[in-house]
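There are 2 protein chains.
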Amino acid sequence: MNNNNLKNMDLPGELGSLSVYQCEQLCREIRKNIIDTVLKNGGHLASNLGTVELTVAIHRVFHSPADKIVWDVGHQTYTHKLLTGRYESFSTLRKEDGLSGFCRPEESEHDAFISGHSSTAISAAFGYAEAMRLNGDNHHAVAVIGDGAFTGGLAYEGLNNAGKSKDNIIVILNHNDMSISKNVGAFARYLTSIRGNSAYLDTKKKVEKILNDTPVVGEPIKRFIVSAKSALKSVLYHSTMFEDMGFVYLGPIDGHNIAEIEETLRAAKKLRCPVFVHVNTVKGKGFRPAEINPGAFHSIPASGYNKRNPDNRVTDSFSETFGKKLCALADDDKRICAITASMKYATGLEHFAVSHPERFFDVGIAEQHAVTFAAGLSKGGKLPVFAVYSSFLQRSYDQLIHDASTDNEHIVLGIDHSGFVGGDGETHQGLFDVPMLMTIPNTTIYSPSTYAELELCLESALYSTEGIAAVRYPKGTESDTIGIDDTDSYLLTRNGSRCLAISYGRIVHNLYSAAGTDIDVLKLVKIFPVDEAVTELCMDYSEIYFFEESSRTGGIGEHLMSRLYENGYKGSFVITGVKGHVKQASVQRCMEKYFLDEESMKYILQSGSEIIAT
Amino acid sequence: MNNNNLKNMDLPGELGSLSVYQCEQLCREIRKNIIDTVLKNGGHLASNLGTVELTVAIHRVFHSPADKIVWDVGHQTYTHKLLTGRYESFSTLRKEDGLSGFCRPEESEHDAFISGHSSTAISAAFGYAEAMRLNGDNHHAVAVIGDGAFTGGLAYEGLNNAGKSKDNIIVILNHNDMSISKNVGAFARYLTSIRGNSAYLDTKKKVEKILNDTPVVGEPIKRFIVSAKSALKSVLYHSTMFEDMGFVYLGPIDGHNIAEIEETLRAAKKLRCPVFVHVNTVKGKGFRPAEINPGAFHSIPASGYNKRNPDNRVTDSFSETFGKKLCALADDDKRICAITASMKYATGLEHFAVSHPERFFDVGIAEQHAVTFAAGLSKGGKLPVFAVYSSFLQRSYDQLIHDASTDNEHIVLGIDHSGFVGGDGETHQGLFDVPMLMTIPNTTIYSPSTYAELELCLESALYSTEGIAAVRYPKGTESDTIGIDDTDSYLLTRNGSRCLAISYGRIVHNLYSAAGTDIDVLKLVKIFPVDEAVTELCMDYSEIYFFEESSRTGGIGEHLMSRLYENGYKGSFVITGVKGHVKQASVQRCMEKYFLDEESMKYILQSGSEIIAT
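As given, the protein sequences belong to chains L and V, one line each in that order.
The first sequence runs contiguously to residue 776 in my numbering.
The second sequence runs contiguously to residue 776 in my numbering.
In short, the hints are calculated from the structure, not lab data.
Do not take every clue at face value.
Since the list can't tell identical chains apart, any single copy or any two copies may satisfy a pair.
With a straight-line Cα cutoff of 30 angstroms, these simulated DSS-like cross-link-like pairs (lysine-lysine) come out [stated by the list, open to error]: (1) 431 x 496; (2) 764 x 732; (3) 487 x 194; (4) 745 x 328; (5) 326 x 257; (6) 755 x 257; (7) 194 x 169; (8) 432 x 496; (9) 745 x 755; (10) 169 x 487; (11) 741 x 257; (12) 496 x 326; (13) 328 x 202; (14) 486 x 326; (15) 486 x 496; (16) 496 x 328; (17) 487 x 326; (18) 328 x 486; (19) 431 x 755; (20) 486 x 194.
Taking the hints into account, I'd like the entire structure generated from these sequences.
As structure tokens, then:
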């Protein structure tokens, strides 16, 4: 055993031959690798440092890929990747054509299920477990899920279904008392109550033993003991919520003690029924700055850890602009409420949380609830604003239609990370919010391209729009912009051309550069519903080029195009949009790949036709 | 007090002045009204008969609309409607321009929140409760929710958030041990375990009393008592899952004993904190056939109760065709698994459940889990088929994108009730599945128009399609059809015209009649992705008319149109589709209102332009 175990060992197979001491050595090597790589490539740090020992223990007890290990969210699987044949490629983490920062089955047979969104693991693992049962396969399905993910209803749906089975399914709770922000809700409080009580199981056993051993003397005492015994029985049966849900509960155990984890997992494996293993871990374990401030090290940018700003906070971004503006508006308007699904920092709402704590709601990773709750607040006379990443808003589709739109409730959505997101890859791309929202009656969508426009749009969404008012904006910072006026509606730049180029969102900056002074440019900011004035002005052109950093199918381009031709438009109309799932790469590279960068736009405008990807 | 209380009393205000005996009389009158109306108009019977006493008690204890009563699903609110000024209009239930079969705020100030989908009430009521807190309003928010709805993750998300508050929120569990089909899952088993134990609270109190009263004699006994006492304390604190979630738990109580319900609700009201009230009710109470077979009386058609078929079963429908075909295919293919979200009968899966119980999964009202679980089954080598109503599939949007599409998992969706649904109205219309699915990469959509086509499409979805394969079909029976060939692709009927009319789904029958032999007709069955051959053949025409019984915005029409014009099509293209939310009316009337009936189609084809609704 030397210092290059990750490189030289045959993993995960050889893991089983190591002593506990050697495992601990290996864990140190893993931690070093993770810290070095994440500080260079960006990625999730605190969560990965918390699951090193747990992952080693899991791969010693279970035999992937025959046993199916399903990681919830999947951003804590760097150790898993290092142990399953991806040591050499680990330096490509989150880079174009490199390793995904999440689980991706096409990357390795050890990645049992795609993951990037929260709370899916129990349902997916239970699917595996039932398939195994039907196939007569005695292996195990193992879901590893954080306490934060347990605030999502899907986790509960999975538990409710798996718990009634007799399958070999093991749910491992990685309990670090945090989701992305500090965990919230009654369930978190409950978990903490049993987490704190490490003597929980011991006490049960002790009491049982005492009851069996105590000699029964005298009638009143006997009566008492019989009463207590029967009451205790019901306790022992219904001792945790997980036992109520049909699982054998084991824990809580120390998630950084490999021997203890292994012993418990081996016990769980023998039981051959649904087992819930409660593991306490420390986020950021082994890297002091991340242990002290795990929120700041949840996800760090590719530029790496900023030593001069130990808070690791971004101060200039669309998210920050949104958060600060909302906070300022709320100073003057007591009706404004802010809602986040466990992403207070990432969506810029921490200012609001500090200034208006009584009107700030972190609902957990519960996007469904967030929307229905917002509709309830609106009914009660409030102005609710739900700030959420585009790809996570997908969870609210039915609530938007049923709970908000049907009764034309006024709620505002602040949709962050719309468009390409870079290193997070396909599960996090914000490419569906536009077609998703367009189909929902009583919905207005704004897509600002600068900070100033974002502020304008937020005000319009709050005060000049009925029903669902969505303001969508990209990840990151605004571009160095050409001096174009800000608006919450649309802006036509006339260059005297018969050719019109249209776009919305941040790529309008590429378009202005590409169009130069040869072609007229229409910037859409209120993108849906399409204004009559917009369709009318389009009728004057003989060539129209539409660019969208969003799904092409079912998008604004197709919709506007159909409106124009129905009005008798006779010219050409060429749409450039995004097709299919978009893999990780820098935002600029994604733009190039989907022909939304300045150069591609120039080519399209000059050649007069769409570029068909080869 | 006479026999016309509903007509003559000033309700709900005067309810408070009645004696319990008079209330019981009133309940009899209410039951009679409900039975008479539902047997005539169709609607939900069993659930409404189960909540008569509960509703009367709620309106005696709480003061709507100042107190906000939020009904989950809302199909059990007929008593509520009769008590809140809608006695006179009750005969219009579920008819065009009549009373909604669900809660609809625009209908009455007493309908606090829209409802038609399950598991939303706690989140909505909590929104009200927080708004009340911020407004300094001391009234109560009350959510009334069935045990079936508790299988949906949204209910848990709501509980998790409400339970940590200090608000005046009361959750009333209407526990009838049934959702639409027999309730399933670990949580249901848990509820039943506490339902059966009516002495639950008594025992707690008794044990507590004994502990306090027992004299402590001798050291060993003392040690024992101290141990037991501390263990019991934790029991008393964590005695039900609801207490774990931060609620005071009261119950279970008899849901047909007005005095007992009232007493408990008054106690709950005084507590001024989150309270969970567990009420046992009997579905179908007071109507023998419905008590014996509540599943058959969950929802009955407008044709009324069929005395000759006490099962009240439909034997000829798209649902039945789907269910029987799937069952037959599963006889030969052991990989096929069937999944329902608590709608075994309504989706025709009861045949499968009987023939292949080990491969049949009723997951509860958990559409999110259904899709993620299906993706897991697929990973495990199975062929999962999820049968679901169109409007309920909206809950699975993110799971379809993230858990199925991203990794190109092969799962089949049987989408029932696509298109207009008649009396159930706006919350149940199947108008969004097409634009929703079109935006999801790796998705194929079939929209058969006859039983034979449904069978063909199901086979194609299972065996000739990759990724997500959706087969969508309408509520009810197939039309008396003109003799047109069945296909799983498309069918062009040439009449030598330069004008082409295109449609899909059941309305193609209207189109064939409307077009006669003057116009060419293209029936699409595989509607997405659009075949190259389809776009090519369209290029030959100078006028195209597209009809869809689905959302016009973001739909197939707009998509096909954009494909054609990009290919250089020079003719006209007129789309007729559905805009906005569609209110209850017969399916035929809905077709007329949205210009999709034969007469409107004729007019459009002859006049050459879309009809703009006035």
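Here's how the hints hold up against the structure:
1. 431 x 496: between (54 angstroms within a copy, 28 angstroms between copies)
2. 764 x 732: both (23 angstroms within a copy, 26 angstroms between copies)
3. 487 x 194: neither (40 angstroms within a copy, 57 angstroms between copies)
4. 745 x 328: Cα proximity of residue 745 and residue 328: none, with 38 angstroms in one copy and 45 angstroms across.
5. 326 x 257: Answer is neither: 42 angstroms inside a copy and 41 angstroms across each miss the 30 angstroms cutoff.
6. 755 x 257: within (15 angstroms within a copy, 53 angstroms between copies)
7. 194 x 169: within (13 angstroms within a copy, 78 angstroms between copies)
8. 432 x 496: Classified as between: cross-chain Cα gap 29 angstroms, same-chain 57 angstroms, threshold 30 angstroms.
9. 745 x 755: within (10 angstroms within a copy, 44 angstroms between copies)
10. 169 x 487: neither (50 angstroms within a copy, 54 angstroms between copies)
11. 741 x 257: Only inside one copy: residue 741 and residue 257 sit 21 angstroms apart there, 43 angstroms across copies, limit 30 angstroms.
12. 496 x 326: between (47 angstroms within a copy, 23 angstroms between copies)
13. 328 x 202: Neither: 45 angstroms inside a copy, 46 angstroms across copies.
14. 486 x 326: Classified as between: cross-chain Cα gap 27 angstroms, same-chain 47 angstroms, threshold 30 angstroms.
15. 486 x 496: Within one copy, since 16 angstroms is at most 30 angstroms while 57 angstroms is not.
16. 496 x 328: between (52 angstroms within a copy, 20 angstroms between copies)
17. 487 x 326: This pair counts as between: shortest inter-copy Cα distance 29 angstroms, intra-copy 48 angstroms.
18. 328 x 486: For residue 328 and residue 486, the Cα distance is within 30 angstroms only across copies (29 angstroms; inside one copy 51 angstroms).
19. 431 x 755: Intra 47 angstroms, inter 61 angstroms, cutoff 30 angstroms: neither.
20. 486 x 194: neither (37 angstroms within a copy, 59 angstroms between copies)
The structure fails to meet hints 3, 4, 5, 10, 13, 19, 20 from the earlier list, while all remaining hints are met.
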